[in-house]
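Those protein sequence lines, which keep their order, are chains A and B. Sequential numbering from 20 applies to the first sequence in this note's numbering. Sequential numbering from 20 applies to the second sequence in this note's numbering.
Calculated from the structure, these hints are not laboratory results. You may find that some hints are simply not true.
Since copy identity is lost for identical chains, a pair holds within one copy or between any two.
[Stated by the list, open to error] Restricting the straight-line Cα-Cα distance to at most 20 Å, the calculated cross-link-like pairs of lysine-lysine (PhoX-like) are: (1) LYS145 / LYS227; (2) LYS88 / LYS408; (3) LYS188 / LYS226; (4) LYS160 / LYS88; (5) LYS220 / LYS27; (6) LYS389 / LYS430; (7) LYS145 / LYS430; (8) LYS144 / LYS430; (9) LYS430 / LYS182; (10) LYS430 / LYS188; (11) LYS404 / LYS372; (12) LYS373 / LYS31; (13) LYS402 / LYS145; (14) LYS430 / LYS209; (15) LYS149 / LYS426; (16) LYS405 / LYS118; (17) LYS268 / LYS227.
All values derive from a computational prediction rather than experimental measurement.
2 protein chains.
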Amino acid sequence: MFKKSFLKKLAKEEEVSFTFLENQLRSGKAVIPLNNQKELSRPVAIGEGFKVKINTNIGLSSEEENLQKELTKLKEAVRCGTDAIMDLSIGGNFRSLRKKIINTSPVAVGTVPLYEAAIEAEKQKKTFEKMSFDSIWETLKRQAEDGVDFFTIHAGILQSAIKYLSQNKRTGGIVSRGGSILARWMFVNKEENPFYVNFDKILQLAKKYNISISLGDALRPGAISDASDNLQFFELHVLGELVKKCRKKNVQVMVEGPGHIPLDEIEMNVRLEKKICHQAPFYVLGPLTTDIAAGYDHITSAIGGALAAQHGADFLCVVTPAEHLRHPDINDIREGVVASKIAAHSVDLLRFKKEREKDKVISSHRAQRKWKDIFPLTLEQNKAKKYHKKIKSSDICTMCGNFCSLKIIEKCGLLDTTGSTKSK
Amino acid sequence: MFKKSFLKKLAKEEEVSFTFLENQLRSGKAVIPLNNQKELSRPVAIGEGFKVKINTNIGLSSEEENLQKELTKLKEAVRCGTDAIMDLSIGGNFRSLRKKIINTSPVAVGTVPLYEAAIEAEKQKKTFEKMSFDSIWETLKRQAEDGVDFFTIHAGILQSAIKYLSQNKRTGGIVSRGGSILARWMFVNKEENPFYVNFDKILQLAKKYNISISLGDALRPGAISDASDNLQFFELHVLGELVKKCRKKNVQVMVEGPGHIPLDEIEMNVRLEKKICHQAPFYVLGPLTTDIAAGYDHITSAIGGALAAQHGADFLCVVTPAEHLRHPDINDIREGVVASKIAAHSVDLLRFKKEREKDKVISSHRAQRKWKDIFPLTLEQNKAKKYHKKIKSSDICTMCGNFCSLKIIEKCGLLDTTGSTKSK
Numbered sequence: 020m021f022k023k024s025f026l027k028k029l030a031k032e033e034e035v036s037f038t039f040l041e042n043q044l045r046s047g048k049a050v051i052p053l054n055n056q057k058e059l060s061r062p063v064a065i066g067e068g069f070k071v072k073i074n075t076n077i078g079l080s081s082e083e084e085n086l087q088k089e090l091t092k093l094k095e096a097v098r099c100g101t102d103a104i105m106d107l108s109i110g111g112n113f114r115s116l117r118k119k120i121i122n123t124s125p126v127a128v129g130t131v132p133l134y135e136a137a138i139e140a141e142k143q144k145k146t147f148e149k150m151s152f153d154s155i156w157e158t159l160k161r162q163a164e165d166g167v168d169f170f171t172i173h174a175g176i177l178q179s180a181i182k183y184l185s186q187n188k189r190t191g192g193i194v195s196r197g198g199s200i201l202a203r204w205m206f207v208n209k210e211e212n213p214f215y216v217n218f219d220k221i222l223q224l225a226k227k228y229n230i231s232i233s234l235g236d237a238l239r240p241g242a243i244s245d246a247s248d249n250l251q252f253f254e255l256h257v258l259g260e261l262v263k264k265c266r267k268k269n270v271q272v273m274v275e276g277p278g279h280i281p282l283d284e285i286e287m288n289v290r291l292e293k294k295i296c297h298q299a300p301f302y303v304l305g306p307l308t309t310d311i312a313a314g315y316d317h318i319t320s321a322i323g324g325a326l327a328a329q330h331g332a333d334f335l336c337v338v339t340p341a342e343h344l345r346h347p348d349i350n351d352i353r354e355g356v357v358a359s360k361i362a363a364h365s366v367d368l369l370r371f372k373k374e375r376e377k378d379k380v381i382s383s384h385r386a387q388r389k390w391k392d393i394f395p396l397t398l399e400q401n402k403a404k405k406y407h408k409k410i411k412s413s414d415i416c417t418m419c420g421n422f423c424s425l426k427i428i429e430k431c432g433l434l435d436t437t438g439s440t441k442s443k
Numbered sequence: 020m021f022k023k024s025f026l027k028k029l030a031k032e033e034e035v036s037f038t039f040l041e042n043q044l045r046s047g048k049a050v051i052p053l054n055n056q057k058e059l060s061r062p063v064a065i066g067e068g069f070k071v072k073i074n075t076n077i078g079l080s081s082e083e084e085n086l087q088k089e090l091t092k093l094k095e096a097v098r099c100g101t102d103a104i105m106d107l108s109i110g111g112n113f114r115s116l117r118k119k120i121i122n123t124s125p126v127a128v129g130t131v132p133l134y135e136a137a138i139e140a141e142k143q144k145k146t147f148e149k150m151s152f153d154s155i156w157e158t159l160k161r162q163a164e165d166g167v168d169f170f171t172i173h174a175g176i177l178q179s180a181i182k183y184l185s186q187n188k189r190t191g192g193i194v195s196r197g198g199s200i201l202a203r204w205m206f207v208n209k210e211e212n213p214f215y216v217n218f219d220k221i222l223q224l225a226k227k228y229n230i231s232i233s234l235g236d237a238l239r240p241g242a243i244s245d246a247s248d249n250l251q252f253f254e255l256h257v258l259g260e261l262v263k264k265c266r267k268k269n270v271q272v273m274v275e276g277p278g279h280i281p282l283d284e285i286e287m288n289v290r291l292e293k294k295i296c297h298q299a300p301f302y303v304l305g306p307l308t309t310d311i312a313a314g315y316d317h318i319t320s321a322i323g324g325a326l327a328a329q330h331g332a333d334f335l336c337v338v339t340p341a342e343h344l345r346h347p348d349i350n351d352i353r354e355g356v357v358a359s360k361i362a363a364h365s366v367d368l369l370r371f372k373k374e375r376e377k378d379k380v381i382s383s384h385r386a387q388r389k390w391k392d393i394f395p396l397t398l399e400q401n402k403a404k405k406y407h408k409k410i411k412s413s414d415i416c417t418m419c420g421n422f423c424s425l426k427i428i429e430k431c432g433l434l435d436t437t438g439s440t441k442s443k
């Protein structure tokens, strides 16, 4: 699947042994999203035993069609440390944007091919409900050739689930966009999910291009009161079966997860996914630990994401402050990426010596007020630089004035400064 | 300590039974910070079995002396839902500010009386190292008479700890401002901690005014690499003894805690405090789960605070994005308070039916795009209102354009709308 030299280099970057990386890939506990038509300057491994990775969603909406803005978001997300980009365009000149993203992104690029098929059906047949698998298939092929590294495929939502949902209604219904499109399609056409029916064919294409499949959770809870319900777990079992199918065909696969989940159900959700889906990497969309914080859902999601990652989630999807409210702008993207990076790093430092060392070094600099050394090591340094205010360029900042605990303690000679020297 | 009618009213607001409130107060598992010289329009109980409470720090620094600005912060913090305010002034016209805060705050007001004593010593003797217990005592009396509801008293840092620290240096040293002032004082004067030595006298004053004692953690870790070290836990044991002394004298007491703590040590820290400090309410300053996110430490702290509260922490101190960088402005205060409220509510909804109902109602409105009903129920509605962008006042927002999962699902009749109707 991958060349030995490539894996050796990646293992080094991931701070694991080559053998470990090989074993995790072989067992399916980790994936490397990378279309074999191209290379990436920053490929990553996602899965158990690796640093927690994050993905940032960008893309055109039918109401926001500025290509340049989306490319600027890509750049900002990469600067702030995203490990992957999903182009979730649902309007505008999406094909041109996708090509530009793939050409410029140093990190893996994912898509939800269903969107393009739905847009085409709207254009040609005036309604996405008339979309055929043939057009889905054309989309899949086009995107594979373009060089997309991973596809979100909502193959787990079945007619039986729609029937169940009609008798057991939910507060949030279906909040997955792909899920809702498919549910409506299945509801109107009375046919089974076309991605489920044609899954083997899709796997052949994925195999040909080494595209990783990310099994979408069409039925993820979009409200705390829908969390961990039968629908969610029914779909999870279907995804577990599909994971097996992928493995049989040697296609890399990960599984997407919730959503809105209360704090005390996050660990269970992660353990359940790992069990039911045969240890496939878990890609969580949050989880958001409350529904009432619109405008601040990057924080809600950082709480849930940190906890999920601590218990084994491998890949966090960035949620921005714009979630539930509007198409995110570049500031939203930055705030969201940083929040997710905080969650990821908070877990990485528990597992990787070098990650923990970063905290020690920055704290050592901080204790000695070596601001110039602090900034470059800060997760996102522009804000820190802007915020830090010295007074008359002296060693006094506006926070504590004359009563700076750091300076007071320094006078007593009670500081360990080895962290700071080590970094030199 | 409190009138029955007052407790009955408070029990109702806290959604617990009167008997439960009485029992928790009697056993010391909960406190109600409230100076008996005055009343509060929004008093709260802090402790086991109650909703998680949050405190916001404001105050003048020697470099930021605008009283009006601090009073505006108080107002904003209260609007966003703070349950207490600490005036941590260390400069300017601090006495005037304190009186104004106490006169206008609907929520309990706390202070660190040591600061005033240190400022006075700087003024009169040119150095805080010459501060005497007499001046500390005068300060305590003055603040008690002013109507302060709770005092942070750093009585747990002892000479033995300073000696230990000089041989076992820390990356972050002592980051507690009160702790550093006392450490320096003890280091220079070679005397024992004056708050520890005179603790019984302080308790008499606290008893007289029903001031709650918040035992400060002078030795809290200010860096991940100092977390859960011997110094921190040595002090915790001293605090445990002091809790007993408070209880003997019928003085309400809570215990302050870290600080910078890695995710996987948070639960242990909470359990340990509850054990060593005889189930006294736990007031955490964070915990921050990484050191490298200056500018975004409200998020770092929301992660740690949520986890701490889930495992039993009762009172969260707001950390703003300005932490480690500058004196916070009003926007920092808002961002910080909202982040802490998210952490608190994420835990409250696990325990209180009415809190969980809030999530259901807002999600039900959201599924039906009833924006006018959503905003007032949002944790902080101004940002949500500003963010939400409709297109041509139609039922399309910039996020999903024509592919709105909520609208698609509505067409299928798959929504449970009971949450929305209940709220009418």
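Q: Evaluate LYS220 and LYS27 at a C-alpha cut-off of 20 Å and name the case that applies: within, between, both or neither.
A: Neither, since 32 Å and 68 Å both go past 20 Å.
(Q) One pair to classify: LYS145 and LYS227, alpha carbons no more than 20 Å apart. Within, between, both, or neither? (A) neither (33 Å within a copy, 78 Å between copies)
Q.
Checking an output row: LYS404 and LYS372, CA cutoff 20 Å. Within, between, both or neither?
A. Neither, since 27 Å and 44 Å both go past 20 Å.
Q.
If the cut is 20 Å between Cα atoms, do LYS88 and LYS408 qualify within a copy, between copies, both or neither?
A. The answer is between: 18 Å across copies meets 20 Å, while 31 Å in one copy does not.
Q: Up to 20 Å between alpha-carbons, please classify LYS149 paired with LYS426: within, between, both or neither.
A: between (70 Å within a copy, 18 Å between copies)
Q) Checking LYS160 and LYS88: alpha-carbon separation at most 20 Å within a copy, between copies, both or neither? A) Classified as neither; 27 Å inside a copy, 60 Å across copies.
**Q.** Within, between, both or neither: LYS430, LYS209 at alpha-carbon 20 Å
**A.** Cα proximity of LYS430 and LYS209: across copies only (15 Å, versus 77 Å in one copy).
(Q) For LYS144 and LYS430, with the copy left unspecified, which applies at a CA distance of at most 20 Å: within, between, both, or neither? (A) For LYS144 and LYS430, only the inter-copy Cα distance (19 Å) is at most 20 Å; the intra-copy one is 77 Å.
Q. Is it within a copy, between copies, both, or neither that the alpha carbon of LYS373 lies no farther than 20 Å from that of LYS31?
A. within (12 Å within a copy, 51 Å between copies)
Q) When no copy is named, should LYS389 and LYS430 be tagged within, between, both, or neither for a Cα gap of at most 20 Å? A) within (16 Å within a copy, 60 Å between copies)
(Q) Please sort LYS430 with LYS188 into within, between, both or neither, judging by C-alpha distance up to 20 Å. (A) between (65 Å within a copy, 14 Å between copies)
(Q) Within, between, both or neither: how does the pair LYS188, LYS226 come out at a Cα-Cα threshold of 20 Å? (A) Neither way: LYS188 and LYS226 sit 38 Å apart in one copy and 56 Å across, limit 20 Å.
When the structure is compared with the earlier hints, violations turn up for hints 1, 3, 4, 5, 11, 13, 16 and for no others.
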